[in-house]
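Enquirer: Spelled out, the chains give:
2 protein chains.
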Amino acid sequence: MYRLYHYPLCPFSRTTRLVMTEKSLSFTLTSENFWEKREAFIKMNKSGSVPFLIKKASEEEINDGKNHLLLSGINAIVEYLDEKHENNPIYSGTAEDKAEIRRIVDWVNVKFYNEVVSYILNEKVIIFFKNKDIPDTSILHIAVQNLFVHIDYFGYLLSKRGWIASNKISIADLTLAAHISVLDYLGMINWAKMSSGNKETFREWYRIMKSRPSFRSILQDSVAGFAASNSYRDLDF
Amino acid sequence: MYRLYHYPLCPFSRTTRLVMTEKSLSFTLTSENFWEKREAFIKMNKSGSVPFLIKKASEEEINDGKNHLLLSGINAIVEYLDEKHENNPIYSGTAEDKAEIRRIVDWVNVKFYNEVVSYILNEKVIIFFKNKDIPDTSILHIAVQNLFVHIDYFGYLLSKRGWIASNKISIADLTLAAHISVLDYLGMINWAKMSSGNKETFREWYRIMKSRPSFRSILQDSVAGFAASNSYRDLDF
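Quick mapping for you: the protein sequence lines, in order, are chains A and B. Start counting the first sequence at 1; every next residue gets the next number (the UniProt record's numbering). Start counting the second sequence at 1; every next residue gets the next number (the UniProt record's numbering).
Treat the hints as calculated values from the structure; they're not laboratory data. Source: prediction; values computed, not measured. Some hints could be false.
Quick list of in silico lysine-lysine cross-link-like pairs, DSS-like style, CA-CA up to 30 Å [as the list claims (entries may be wrong)]: (1) B:K160 x A:K111; (2) B:K46 x A:K160; (3) B:K37 x A:K111; (4) B:K37 x A:K23; (5) B:K199 x A:K37; (6) A:K111 x A:K160; (7) B:K23 x B:K160; (8) A:K46 x B:K193; (9) A:K84 x B:K168.
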């Protein structure tokens, strides 16, 4: 039995939820506004970040110093879950296949996140909660331009492979879908512009991802102050 | 036979070099000023980032479209090398041990990098090459303050374990030592302040890391425009 501290619009938290659901693990979700640096949270999770995964324990037990599994860091969490729960493997194939899966995961979690998602999350969500400030539209504009370049590359890979890293679904698909779902929630993806070529291939892939049972809980997410976009819960967007 | 495109002051490139040397792999090093976005480099490595690892191929062969292993993304690279070359394993133990190793790796590559190393690299190195500008000392000041907080945590972990993630050397030690070595080269670590408690434990650990044969090549690095600090090549700093 796991407990996952998450934030609904955090793409890394969403990746973790998708992995746990794909593997039929039972877990409790606790929403954590990580930027508030809640004292009891920092005490048990020195990194202060979400997702934070614990196993079979209450906050009290952890702060008593008992030796439970406490995990932060997206790669640490998903690699652990895959090693510990072998059903529906999310890293599979030869060493070269796994290398390609992890290459895409690194691309999405580092490059795509830094060039697109983090700008949008910061301008639209974090700034709002911290200062009740309005977003800087010039930053959002650059992020959306970068988004289209990335989507074209993802569509190119998908057109050659079926799934994003190989001919099987993998952690790379779950990771990318998690990031995309956050942007979609915030209404940052203009799907009407994804109707041809690589971009259409990408849209088709996201339709399939969104229709998976593991996506159901994510599509029910609702964050006060941020209504989901019209396309968000629509499986035929 | 591998070829690694790297940048001498990139901590992720250094991690890769350390792993390859610890595993006695033979490889050729090619230095790449990645921020210049060299056309032939981008053509073969769409991420544009270093480290970039290729196997048995010249740039010409790769641009001819032959199917060689082309890897970017630090986790993709090091996990591949460890899976492919089993000697001197860098992820070992139970699933929980490996989870702790990867937790520290994520901490160093994401949190420590974003709060300390990237500021320093950007202000001291990248800005210099791009604009011949001078560093913003207020940013450097914040980065150094953050550095001390992290070092205290690393020293705390080391005092309990021997190595940073467990009782054996792992990729977590190589990763952290690579990042520290970049800061040390740039003279950003005041070792005189590391003479007691957790900080002394940390300094002792770095002395041991620096004395490993795999560190020799890194200690010989020299980057035009940036002389190594006095402590850098001194094993008894």
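Enquirer: If a hint holds in the structure, say so; if it does not, say that too.
Expert: Right, here's what the structure says about each hint:
The straight-line distance between the Cα atoms of K160 (chain B) and K111 (chain A) is roughly 35 Å, outside the 30 Å bound, and the hint therefore fails. Straight-line distance between C-alpha atoms of K46 (chain B) and K160 (chain A) comes to about 16 Å, which keeps the hinted pair within the 30 Å bound. A distance of roughly 15 Å separates the Cα atoms of K37 (chain B) and K111 (chain A); the hinted pair therefore holds under the 30 Å criterion. Proximity of K37 (chain B) to K23 (chain A) is assessed by CA-CA distance (about 41 Å); at most 30 Å being required, the pair is judged violated.
Distance restraint check for K199 (chain B) and K37 (chain A): the Cα-Cα separation of roughly 25 Å lies within the 30 Å cut-off, and the hinted pair is therefore satisfied. With a CA separation close to 21 Å, the supplied pair K111 (chain A) and K160 (chain A) stays within the 30 Å bound. Annotation: proposed proximity of K23 (chain B) to K160 (chain B) holds, straight-line Cα distance about 27 Å (limit 30 Å). A C-alpha spacing of about 23 Å is found between K46 (chain A) and K193 (chain B), which places the hinted pair at or below 30 Å, so the restraint holds.
Taking the CA atoms of K84 (chain A) and K168 (chain B), the gap is about 21 Å. The hint holds against a cut of 30 Å.
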